[in-house]
Amino acid sequence: MSIELKLEHPADNTVTVSIQGDIDMSSSTKVRDTLTPLFQDNNKAIIVDLSGVSYIDSSGIATLVEGLQWSHSNQSKFRLASMTPGVKDVFEIARLLTVFEVFDTKEEALAP
Amino acid sequence: MSIELKLEHPADNTVTVSIQGDIDMSSSTKVRDTLTPLFQDNNKAIIVDLSGVSYIDSSGIATLVEGLQWSHSNQSKFRLASMTPGVKDVFEIARLLTVFEVFDTKEEALAP
Amino acid sequence: MSQPIKLSIPSHPKYLGLIRKVLQELLDTHEVPEETARRLILCVDEACSNVIKHSYEGPCEEPIEATFFFDGEDFKVQIRDYGKQCDSSEIKPRCLDTIKPGGLGTHFINEIMDEVSYCTERAKGTLLTMVKKLKCELTSGQEKDKE
Amino acid sequence: MSQPIKLSIPSHPKYLGLIRKVLQELLDTHEVPEETARRLILCVDEACSNVIKHSYEGPCEEPIEATFFFDGEDFKVQIRDYGKQCDSSEIKPRCLDTIKPGGLGTHFINEIMDEVSYCTERAKGTLLTMVKKLKCELTSGQEKDKE
Ligand SMILES: Nc1ncnc2c1ncn2[C@@H]1O[C@H](COP(=O)(O)OP(=O)(O)O)[C@@H](O)[C@H]1O
Ligand SMILES: Nc1ncnc2c1ncn2[C@@H]1O[C@H](COP(=O)(O)OP(=O)(O)O)[C@@H](O)[C@H]1O
Chain A
0 MSIELKLEHP
10 ADNTVTVSIQ
20 GDIDMSSSTK
30 VRDTLTPLFQ
40 DNNKAIIVDL
50 SGVSYIDSSG
60 IATLVEGLQW
70 SHSNQSKFRL
80 ASMTPGVKDV
90 FEIARLLTVF
100 EVFDTKEEAL
110 AP
Chain B
0 MSIELKLEHP
10 ADNTVTVSIQ
20 GDIDMSSSTK
30 VRDTLTPLFQ
40 DNNKAIIVDL
50 SGVSYIDSSG
60 IATLVEGLQW
70 SHSNQSKFRL
80 ASMTPGVKDV
90 FEIARLLTVF
100 EVFDTKEEAL
110 AP
Chain C
0 MSQPIKLSIP
10 SHPKYLGLIR
20 KVLQELLDTH
30 EVPEETARRL
40 ILCVDEACSN
50 VIKHSYEGPC
60 EEPIEATFFF
70 DGEDFKVQIR
80 DYGKQCDSSE
90 IKPRCLDTIK
100 PGGLGTHFIN
110 EIMDEVSYCT
120 ERAKGTLLTM
130 VKKLKCELTS
140 GQEKDKE
Chain D
0 MSQPIKLSIP
10 SHPKYLGLIR
20 KVLQELLDTH
30 EVPEETARRL
40 ILCVDEACSN
50 VIKHSYEGPC
60 EEPIEATFFF
70 DGEDFKVQIR
80 DYGKQCDSSE
90 IKPRCLDTIK
100 PGGLGTHFIN
110 EIMDEVSYCT
120 ERAKGTLLTM
130 VKKLKCELTS
140 GQEKDKE
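Chains as they are written, first to last, in numbering that gives the first Met the number 0: chain A, 0 to 111; chain B, 0 to 111; chain C, 0 to 146; chain D, 0 to 146.
Where hints are given, some of them may not hold.
What the hints assert, rightly or not - Stretches of chain D that chain B covers, calculated by requiring three or more beta carbons in the stretch to come under 8 Å of a beta carbon on chain B:
hint, region
1, 14-20
2, 37-50
To be verified - Partial list, derived from the structure: chain A residues whose beta carbon lies under 7 Å from chain C:
hint, residue
3, S25
4, A93
5, R94
If you're looking for bench data, these hints aren't it; they were derived computationally from the structure. Backbone N, C-alpha and C define an ideal beta-carbon position, used for all residues, glycine too.
Generate coordinates for the entire structure from the input sequences, incorporating the hints supplied.
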């Protein structure tokens with residue numbers, strides 16, 4: 000049930016965050032604690048790999064919206080990759096699927 | 000949660016029963032309904048492959064004990080193969096691990 | 000109507016996974032299609048999160064009681080807490096036009112469920128009742144199978 | 000002692016899987032070692048099966064209530080039914096010397112649990128209380144990790 004996050008730096012000023020586990024009220028704090036420091040760096044692109052996430056609730060969405068807000072105010076990229084059907088459905092009901100930059104794979108999300 | 004049973008006839012008068020799923024009070028009837036007809040045939044060896052069973056309770060054990068009784072009264076073989084640690088532990092607490100013929104693999108159980 | 004399944008957990012996020020597992024298992028037993036099951040689980044998770052956040056104002060040892068009913072073609076879930084009461088008209092989603100964090104839980108519940116009502120007519124706490132009509136869902140699931 | 004987790008199911012074998020899942024999840028949350036968890040799940044499953052078979056004399060819509068407590072180093076579970084009462088001295092394993100089907104459930108419970116008591120001092124039904132001291136288990140689990 001515990002969540003795991005893995006950071007990688009595939010290019011300069013680019014970081015990928017791979018999340019493994021359910022994102023709910025008990026784990027979204029850990030996701031925020033990992034993402035927030037990235038917003039303060041000189042990062043130009045953050046890619047969140049959601050392939051290991053089969054469940055996300057509104058607290059998880061809220062955390063990702065913070066990334067979106069950072070990208071808008073810093074002319075940076077905040078991209079979501081590899082959503083599972085369950086997670087995609089939640090984004091759809093939240094009417095946020097077209098608001099985020101969403102990619103089928105991490106590789107596509109990494110392309111400039 | 001539902002249980003699945005597969006029958007094979009690797010040799011004359013020999014049948015293997017592979018079980019997939021938890022054996023509890025809700026599914027042991029299905030195990031019995033599969034095993035009982037085999038006791039009435041001219042079978043000389045029944046091998047039960049338990050590799051797909053991670054949970055067994057006393058009703059499941061009772062069903063397998065019926066196989067043991069059949070083998071004793073018919074000079075036939077009733078062998079158990081590939082117990083998972085959870086199932087082996089239950090047999091141990093029931094003090095039945097040494098009473099049954101237990102094999103690590105289905106192949107070993109098939110050797111005469 | 001058959002006997003309900005009841006689960007009572009302390010008001011703490013660490014038990015949300017447990018309540019989701021129970022509901023998943025229960026919906027599986029009743030052969031509710033996967034997508035519908037996922038959405039119902041989301042609603043129950045959001046309702047319990049709101050109890051923890053708003054009714055009990057943070058994790059504590061007070062109970063959250065969930066009761067699940069299968070009533071013919073209806074799936075009904077009730078979430079009972081013994082925390083702070085509020086005017087049920089205050090429990091509503093914000094306007095979603097601005098993109099900002101928060102305020103989505105009640106939106107999910109209202110979008111997914113067919114009936115939602117909050118009742119505070121009791122000494123303490125709130126009883127949330129949510130109903131989902133499964134008939135169309137089950138039929139559309141079967142239709143899909145036929146394809 | 001922290002607030003218990005309660006689960007109520009109808010007296011039917013199809014819900015035994017649900018109760019095992021709940022307990023597995025709960026024992027995971029409390030980091031109970033895998034082997035101990037498996038054995039505790041077996042006891043609860045056997046106790047519920049016995050309620051279905053003996054107290055309610057077959058599947059029905061009456062409730063089985065399970066309550067799980069973590070009390071310091073003790074794990075306590077109570078199983079409450081509202082069925083037929085019997086003299087608690089009658090609830091006991093048969094002699095295991097003869098190999099025959101049946102009569103193992105209470106043996107498992109007595110072997111695995113540290114305390115077992117059946118109480119019928121109530122208008123209807125029975126309250127079974129089982130306690131497992133986790134201290135030694137948790138320590139031996141940690142010892143194994145060190146090896
Ligand atoms: N169980 C509750 N008790 C009291 N107020 C609630 C409850 N659930 C929701 N609310 C109110 O409804 C608002 C919207 O809830 P929601 O859409 O879940 O978003 P959020 O919880 O992120 O604010 C909350 O901000 C709160 O004021
Ligand atoms: N909940 C119960 N209510 C009444 N009698 C019980 C209950 N549980 C067990 N018993 C009695 O104890 C005996 C032994 O139970 P058990 O070891 O589980 O084996 P089995 O149920 O296969 O007979 C049962 O045959 C029954 O007479």
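Looking at the structure, which of the earlier hints fail to hold?
-> none
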